[in-house]
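2 protein chains.
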Amino acid sequence: MINADRLAPLFTSGSIAVIGASRDVTKWGFNVLKHLIDGGFKGHIYPVNPNEDELLGRTVYRDIADIPEKPDLAVVIVPPPAVVQVIRQCVGKGIRSGIVITAGFAELGDEGARLQAEMVAEARKGGMALVGPNCNGVMSPWNRQYVQFPPFFTPPGKFAVVAQSGNVMDVLARQAMLKGLGCSACVASGNEADLHTEDYLEYMGDDPHTRVIMCYTEGFKDGRRFLRVASEVSKKKPIIMVKVGKTQAGARAAASHTASIAGSDRIFDAVCKQAGVIRAGSLDEMLDTAIAFLRQPLPRGRRLGIVTAGGGWGVLAADACAERGFDVVKLPDEVISELDKLLPAWWNRGNPVDLVAGARADNIYKAVEVVMRCPEVDAMAFLSIMPALRIRSFLSPSSEEEKQNWGSIVTEATLAAMEEFNALSQKYAKPLVVASELLFADAVQDINIAYALGQRELIIHHMPHQAARALDALASYSEYLRR
Amino acid sequence: MINADRLAPLFTSGSIAVIGASRDVTKWGFNVLKHLIDGGFKGHIYPVNPNEDELLGRTVYRDIADIPEKPDLAVVIVPPPAVVQVIRQCVGKGIRSGIVITAGFAELGDEGARLQAEMVAEARKGGMALVGPNCNGVMSPWNRQYVQFPPFFTPPGKFAVVAQSGNVMDVLARQAMLKGLGCSACVASGNEADLHTEDYLEYMGDDPHTRVIMCYTEGFKDGRRFLRVASEVSKKKPIIMVKVGKTQAGARAAASHTASIAGSDRIFDAVCKQAGVIRAGSLDEMLDTAIAFLRQPLPRGRRLGIVTAGGGWGVLAADACAERGFDVVKLPDEVISELDKLLPAWWNRGNPVDLVAGARADNIYKAVEVVMRCPEVDAMAFLSIMPALRIRSFLSPSSEEEKQNWGSIVTEATLAAMEEFNALSQKYAKPLVVASELLFADAVQDINIAYALGQRELIIHHMPHQAARALDALASYSEYLRR
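Chains B and Z supply the protein sequences, listed in that same order.
Numbering-wise (my numbering), the first sequence opens with residue 1 and increments by one.
Numbering-wise (my numbering), the second sequence opens with residue 484 and increments by one.
Chain B extracted, bound-state conformation (with noise of 0.2 angstroms):
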């Protein structure tokens, strides 16, 4: 409770002051305020800088105390040697939060980290809570509040992502947008020199427009308090994880980037474990996982179906899964006496079940739900998409009308596909991931399509170890809830 408070302004502040705001475009100092106004920042915005008297069309105060009114939110951007003494006036001032995107203090040795203590006393000092140092800033899409550097505004949606590489948060709140999907929160959260990780999980944990969390970390400040924030918050929604400083090299780089100190990897996985936490093995990784978990039921259990319209997909798709701890079950009889109904007389009677050239839509849709209602199958999934479209020919068009308008009968036919999918898994409680490519769209279709299924918080994955990878996330989490 008094962590949402402290962390409150962070994401939806009403008015924010930038201190080091400039008008050289390659600075971050002009970047953050550019960024702040054209992502349509609703509240006042006060650019601080002695030297300048306007900047892109703002008033522009030499100094905090001379701001007319008190800002919910200080962002900091001035030299480290300056930065004290302007955490000074913003208590002074009586400013609570502020985002310090400066760096150059504990990741650079001992004098850094004295200077980064000195501002964290000033700071707690004066009641005010810190993101930083060193960090890329806060992204708050509902509040339409983007303290950021790059120039794409993802939109309002339901992922939190806490990053301590603003690199890395910036990538997974780019990649959600190009998706079709938007971000609750974003934090950039750098040395976590006042604020830590846990905090914002906590704050996240109990934010309403947030869904699923992604996290980012280099290592912990506070292993146990991880564990107790992390299983609480994983009772409540998802928490997905990226950690470096698995190697040495890779340990160095994080103490060398963030004055990190990675820890062990191993205790750190029987941490996750514990706490409910879901690791991925990349950034890509994490926000495929992600957008499973918006539509898809959880699995009872590890007992896998495989529907396949294409033979090498669903060996693959066998392959990972099984890799993953799936049981790819021997189907019961009477499940195969109903698929011999709808399949054609040669098909392979196994799981995966093979669709083999020619099955119609109909048909296949109905083999699915034969597969799913199989008291012995807890989860699905299904590869190559293709022949599961209500299109004449998914091939190429059929007539001149289909041709002139092909591209978006394509991608209306794959999101009817896979929201007749979503009805199953959604009728029957168990989730069904699917992998394909469309092999006959072009690129752009390619992405208009991830574009419109992320629209309705769907993906295909492309390939079926991707498919897998979200399985298992899905099956592990659910694991987690019915302990």
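These aren't lab readings, by the way, just hints derived from the structure by calculation.
All values derive from a computational prediction rather than experimental measurement.
Hints are supplied without guarantee of correctness; some may be wrong.
As the list claims (entries may be wrong) - Label-pair distances were calculated between CB atoms; the ranges are:
# : chain 1 : residue 1 : chain 2 : residue 2 : range
1 : B       : Asp-333   : Z       : Ser-747   : 25 to 35 angstroms
2 : B       : Gln-404   : Z       : Ala-906   : 41 to 51 angstroms
3 : B       : Asn-51    : Z       : Glu-885   : 22 to 32 angstroms
Claimed, not checked - Computed list of chain B residues with no C-beta within reach of chain Z, every gap over 10 angstroms:
# : residue
4 : Gly-14
5 : Gly-39
6 : Gly-127
7 : Lys-221
8 : Leu-294
9 : Pro-375
Stated by the list, open to error - Dumping the calculated DSS-like pairs for lysine-lysine here, alpha-carbon to alpha-carbon at most 25 angstroms:
#  : chain 1 : residue 1 : chain 2 : residue 2
10 : B       : Lys-158   : B       : Lys-236
11 : Z       : Lys-720   : Z       : Lys-662
12 : Z       : Lys-662   : B       : Lys-179
13 : Z       : Lys-510   : B       : Lys-341
14 : B       : Lys-403   : Z       : Lys-517
15 : Z       : Lys-824   : B       : Lys-27
16 : B       : Lys-237   : B       : Lys-427
17 : B       : Lys-27    : Z       : Lys-886
18 : B       : Lys-246   : Z       : Lys-813
19 : B       : Lys-27    : Z       : Lys-849
20 : Z       : Lys-517   : Z       : Lys-553
21 : Z       : Lys-525   : Z       : Lys-510
22 : Z       : Lys-729   : B       : Lys-330
23 : B       : Lys-366   : Z       : Lys-510
Here a beta-carbon is modelled for each residue, glycine too, at the ideal position from N, C-alpha and C.
Given chain B, work out where chain Z should sit, using these hints.
Showing chain Z alone in chain B's frame:
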């Protein structure tokens, strides 16, 4: 030599019979004929169907015997019971090469295996070499000879694909195309009743168009021959492989897909190491790695230098490369001193070299060269390419004129940066891989950039772990060649 003669018509036919050509747009017999025509095959096409006179503007022949010349190649798309008779007729006509698309043979059990054996006996008796059965066809872009189901045409290029799954072949060929690259020859080998993966590898090893071979297999008929052939071919060009059937579930699926015996994965791994074959974990990894082989020099060791414009990405790369056996070396004092002259005073003085905000393009290339020419560095990774682009502000257009042409300005600047890196690579004969997001680009720009890069045989990896995999492949192959 004998092998090359037997296989040549599959890729360089002057005339092709399509036996089982059809009017039904949902059938293979229609699509294979259509795409052979649409793909621009220059030679004669002879559709064969006893019930048609004309299809897609081509004269249809009632019988193979009626074809007015001896075709170089027969594509067979008739029901399984009719295949043996068709092969007999082909042999009678003097046809020496066939692609049997038809499924329903050994993958279905004993009766199918018997039929398959009979077909092969008939073909061998007549000196006819067979691809398949149960396969998707063969693409030979240099001869504009596309015997395939899906409606896209991968351009002529340097990648050969041998895949037991037609789906997998299609995906690799299409993905290469979407990334601005092309293929020399692609074979979906199916059940491999007559010609085996090793035959294709041998052929492609000598094929002058082929620079890199991508191979997907579900199991080998003859492990010793694979070892022998692959060892020889690997000396000439890299072979990158995905093998499925690692798990019991995958092995069962492979048996039901192409009647393959997956065998022990551990033994296969050992064979790959001995034969210099690079094993990839997924299809996208295989393609990314193949692209890296086109222009990167091979490293003489695994001592790695990393330069990064994004702190988190540097950590991710250090971790991923160290996990793959690279030594992220301590840079010698003289290298650090040289970098001191190029970078701001507060740079981290370590490896990864973190460029910190504000580094200019000129200094970035100089810094890369300082690390590159260090004799204690064998290979390099560069992360987050944005500040290396020679644009005034890489974030957004600086003028109205730039705004008009922003898409092409960004693409050109990215190409130029990658060429500049490549020039350093060539100068010092050390590979430099790049992983980066382009935070200022939209999804369509992303595609256009990837395509333009591909046309120059370059790739920016999406994530640091992908760059690490590519580096690992280059190093492994180099180690094989130096053995």
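Each hint tested on the structure:
no.: 1; hint: B/Asp-333 with Z/Ser-747: 25 to 35 angstroms; in the structure: 31 angstroms, holds
no.: 2; hint: B/Gln-404 with Z/Ala-906: 41 to 51 angstroms; in the structure: 46 angstroms, holds
no.: 3; hint: B/Asn-51 with Z/Glu-885: 22 to 32 angstroms; in the structure: 27 angstroms, holds
no.: 4; hint: Gly-14; in the structure: 27 angstroms, holds
no.: 5; hint: Gly-39; in the structure: 13 angstroms, holds
no.: 6; hint: Gly-127; in the structure: 30 angstroms, holds
no.: 7; hint: Lys-221; in the structure: 17 angstroms, holds
no.: 8; hint: Leu-294; in the structure: 20 angstroms, holds
no.: 9; hint: Pro-375; in the structure: 20 angstroms, holds
no.: 10; hint: B/Lys-158 with B/Lys-236; in the structure: 14 angstroms, holds
no.: 11; hint: Z/Lys-720 with Z/Lys-662; in the structure: 21 angstroms, holds
no.: 12; hint: Z/Lys-662 with B/Lys-179; in the structure: 19 angstroms, holds
no.: 13; hint: Z/Lys-510 with B/Lys-341; in the structure: 21 angstroms, holds
no.: 14; hint: B/Lys-403 with Z/Lys-517; in the structure: 17 angstroms, holds
no.: 15; hint: Z/Lys-824 with B/Lys-27; in the structure: 21 angstroms, holds
no.: 16; hint: B/Lys-237 with B/Lys-427; in the structure: 22 angstroms, holds
no.: 17; hint: B/Lys-27 with Z/Lys-886; in the structure: 20 angstroms, holds
no.: 18; hint: B/Lys-246 with Z/Lys-813; in the structure: 18 angstroms, holds
no.: 19; hint: B/Lys-27 with Z/Lys-849; in the structure: 22 angstroms, holds
no.: 20; hint: Z/Lys-517 with Z/Lys-553; in the structure: 21 angstroms, holds
no.: 21; hint: Z/Lys-525 with Z/Lys-510; in the structure: 24 angstroms, holds
no.: 22; hint: Z/Lys-729 with B/Lys-330; in the structure: 18 angstroms, holds
no.: 23; hint: B/Lys-366 with Z/Lys-510; in the structure: 22 angstroms, holds
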